[in-house]
Each structure stands twice: as C-alpha cells, then as structure tokens.
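*Asks:* Since chain A is already given, all that's left is putting chain B on it; use the hints.
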Amino acid sequence: MDFFHKIIELFSTPKYMESIWEGLKTTLIISVLAALIGLLLGTLLAIVAIAKDSKWTKLPKLICKIYITVIRGTPMALQLFIMAYVIFAIRGFPQIVTATIAFGLNSSAYVAENIRAGILSVDIGQTEAGRALGLPGRTTMLKIVIPQAIKNVIPAIGNELIALIKETSIVSMIGMYDLTMAAKIIGSGNNMASYIVPMTVVALFYLGIVYLLTFGIKLIEKRLRASDKR
Amino acid sequence: MKKLLSILLVAVLLLGTVASFASCSNEETIIVQTNAFFAPFEYYDGTEIKGVDVEIMNMVGEKLGKKIEFENVEFSAIIDNVKAGEVCDAGAAGITITKERKDKVDFSTPYYTSVQYVIFEKDNDAITTKTADGTEYIVWETLAGKTIGVQTDTTGWIYTDGEINATADNDYGYNGVLYGTETKLNCYDNGQLAADAITANHIDVVIIDELPAQYIVSKNSSFKCVPLYYSGETDADDAPVEEQYAICVTKGNQELLDAINDVLAELMVKDAHGKTEIEKMVMTHMGMN
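Same order as they appear, the protein sequences are chains A and B. By this note's numbering, the letter at position 221 of the first sequence is numbered 221, and the numbering carries on one by one without gaps. Offset between the second sequence (1-based) and this note's numbering: plus 1000.
Chain A on its own, in the form it takes in the complex (with noise of 0.2 Å):
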C-alpha cells in the first residue's frame, strides 16, 4: 500500500511534477533534435554509402564506413562522455547542445544502414525495367527506387527512434536534467528517500512517449501501404 501512497504523493506534490515536466521536456527535445539530425546525416551516408564506386566517390565511401563503423561499435555512454568532456570541454557550452549533436550522430550511424538496407532491398529488375523503358538513372532512382525503399525502411526507422528516445536517458550521468534525472532527483535523500516509485512512474512516462510514437509510425505506415496487396 505504501507503493500506491507514494505514487500519489508523487503526482500531488507541486515540486515533484514541475521536476518531471521539466525533465519531460530535456527528453523530448533532445529526442526530436538528435532524430532530425540522425535522418538527416543518415540519409546523406545512405546516399554516399550505395553510390557507384569510381575515383571520386572513394574517399568518402571510405569516410562513410570508417564512421559507421565506430559509431556503432562503441557504446553510447561513452560517445556521450567524450562528447561532453572532450570534445565539447567548453567553458559554459550548454549541454543540450552536446547531447543533442552526440545522440545525432549516434543515431544516423543507424539510420544509414537501416536506409541502405531499405534501397537494397528493392530489386535491381526494377531498376533494369526503369531503365529498358527509357528512364534516365536519376528518375528510375527517385520515381520507382525509392517509394518502395522508404515503405520498407519505414519500421526500422521506427525502431530506431524508440531506442534513441529511451537512450537518453543516460544523459544524467553528464548531470542533465532529463525524464531520469528528475526521478532520481524527487528518490533523492531530501525529497521521497526512496527511487522505486519514482522510477516506475518515469518508466511510465516513456512508454507514454513511445506508445504515441509508434501510433503514428503505424499511421503513415498505414497510408503508404494503401495501395499493396498483401
């Protein structure tokens, strides 16, 4: 009972909730940002990424791997803390800034392969019949590649911003004020002097947040695939 006695507390003390929209909105700004920059940098590595091999696109296909490479071969955190106190050891630089570049850069790393994986996908007969028809390379590309890459990318995409939005959680461990730092703030000695009910209810509080985002992956999902047979 004392579970559900604190779970009310929570939500009926003033300076609780103020933390919690507080850290509310850390999260899903850095969410939004770093997700516009992931789709961004992802696409752009993609696009790198399947160009045809020749002398001028070898270095950056190089660079493309090499970043992919270690940007998925190393964990998040510690992305997050070179970030932080490397990189950006900047006298009052704000940390927003520095979470948002590095969960960026972390998620377009994935977003790349996921996009590349989706062209792939689509087979080369529909580029050979583009091109038989008489469709310059860059029409077939963008007319009949495409449209069936993006239904294909679409709920890996997805997936990528449901773990991006849950990473950043770790952004307290830089000392920002996240959905994780306020419950860890209210469980602190001062306030409720115990982290369990604050932690459920902030777990909570990102399945919220998740729950509306793959409703409306599901959505678009949905009018892109409106014409399929299946």
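Wrong hints could be hidden among the right ones.
Within a straight-line C-alpha distance of at most 16 Å, the following computed EDC-like cross-link-like pairs (lysine to aspartate or glutamate) qualify [as the list claims (entries may be wrong)]:
no. : chain 1 : residue 1 : chain 2 : residue 2
1   : B       : Lys1251   : B       : Asp1080
2   : B       : Lys1219   : A       : Glu9
3   : B       : Lys1219   : A       : Asp2
If you're looking for bench data, these hints aren't it; they were derived computationally from the structure.
*Replies:* Same frame as chain A, but now just chain B:
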C-alpha cells in the same frame, strides 16, 4: 536532393554552434560544479539547486561582483574538471580534503567537520557497539564479511577501499582492518541508490557522510544509522572516522580562493550560543529550524 540535404544539415549544425556560442558565459561568471544529491549541502528543490554550499558560493559571488552558476555533474568528475579549469572554476560539493585531491586542486579552509556513518536495516542492529552512556556506533571490524555500498569516489569509498585492499606491501604501508576478509564493496552513483540497494538485499550496509545518512534514515522507517569508528585498544579508545569539508578551486586562482576564505571566515564566527553561521545554515536546510 543531395545538395539540399547537405545544406540543411550544415544549417542545423551551424545554428546549433551559433546558438551555443551566443549563450556562452563570459569572464564575469564563476562556474561551480557540484553533485546535487548531497543534502543539506546541495540538493535539487524542484528544478533549482539549493543548499549550504550554494549559499556560501553566492556570498562569494556577491563579494567579487560576479555571477555564480552551479552545474550538476557526477561527483567523481568534479576534482578533475576543477583541476583542468576549462569548464569550471570551483567545486563545492561537501568535498573532503584528502592528500590525493590536494595534489590536483587548491582547497579553501575547512568549513565543516563530518564523520562517516553506516546505514543498515533496523533488524540488523546486532552489528553495533553500545557503550554504557548510550552512544551507539559500529567499528570497522564488525563489517568484515559484509557487502558494503558506497558512492563512487566519495570518502566512504576511499576509506572502505583502503581498509579492504591496504596491505603492508603496497602504497598504504599497513594492513587494512578488512584486508583478507570476504568483505565486498559495491559502488553506486549516489548515496540514495546505495540505500535502495539495502532494501533490494544487494548489500548489507552503506557507508556515507553523517548528514546525508541522517536525511535518508529520517525518510525511511526501516533504516537506522550510527557513526563509524576505528577501534582502539579498549572500547574507550574507539574514535570516529572524521573528515573536513572544503571548497576547491583550480590551482593558482588565488583571487577566488581568497574570496572563499574570507566568506568562510565570516561564517565560522561563533555567536552567543556557540553556533556558527554554517551550522545554522545546515540546520535550516535540514528543515530543523
């Protein structure tokens, strides 16, 4: 498509950089790092950091005519950040003066003497030593074989680690009280998390500074806390594990250090009741006024 994307991306990154530099603080701001999980010295009240250290530093800021900005970071990062002096000027987090830390940063005069406390479950109080006059404490020896929780890099961690790992052959030059016993040490990000680990049956006791310990115990009816003692020849010789808090600044920042020392000197003057201003602040932030 490619062009548009790259332009957009560059624009986003540039905007971010410009926005960040625009809000960069100038020379007039003193940045103080802390770990706001150490009530009553620093804690979050809603979205604001409050506490004794905050009050002290604000007085220092007033004296120097500069703005004080508090930043909340992991406790273990503070000393190194202050040492580098790039991202902050001072650290105020109830930091105990130790020799290792002194090599890295300059400390102000000590402003509070604390003792180490042990938090444990009430049912478990067979581990305490009780004297005839009613004082209750725990000596290191009784912790042998237990799993001890501490906050990483705090003095609780330093002492416990020392008692477990010190041998006559290594740097310590003496055998730790708990050396060779089956005592285990678990590190947590903050004291509250360690205390929750007692509830979750991960550890037996938490070793932490006096005031945070009392805070945690006052809010959790199943816990109890008593001071930690070094055992002497006889029970009467048992002595508490004492330490002194001070504020640290980057080495060579004499102006700031002098200002802090001036403010502390004013706050350490005892009033008619023998209480210093600092002690009164502590009581206020403990909610005991």
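*Asks:* Now, for every hint given, state plainly whether the structure supports it.
*Replies:* How the hints compare with the structure:
1. Using a Cα cut-off of 16 Å, the hinted pair Lys1251 (chain B) and Asp1080 (chain B) holds, with the two alpha carbons roughly 12 Å apart.
2. Between Lys1219 (chain B) and Glu9 (chain A), the direct Cα distance comes to roughly 14 Å. Compliance with the 16 Å bound is thereby established for this hinted pair.
3. Under the criterion of a C-alpha separation no larger than 16 Å, the hint pairing Lys1219 (chain B) with Asp2 (chain A) is consistent with the structure, at around 13 Å.
In the structure shown, no violation is registered for any of the earlier numbered hints.
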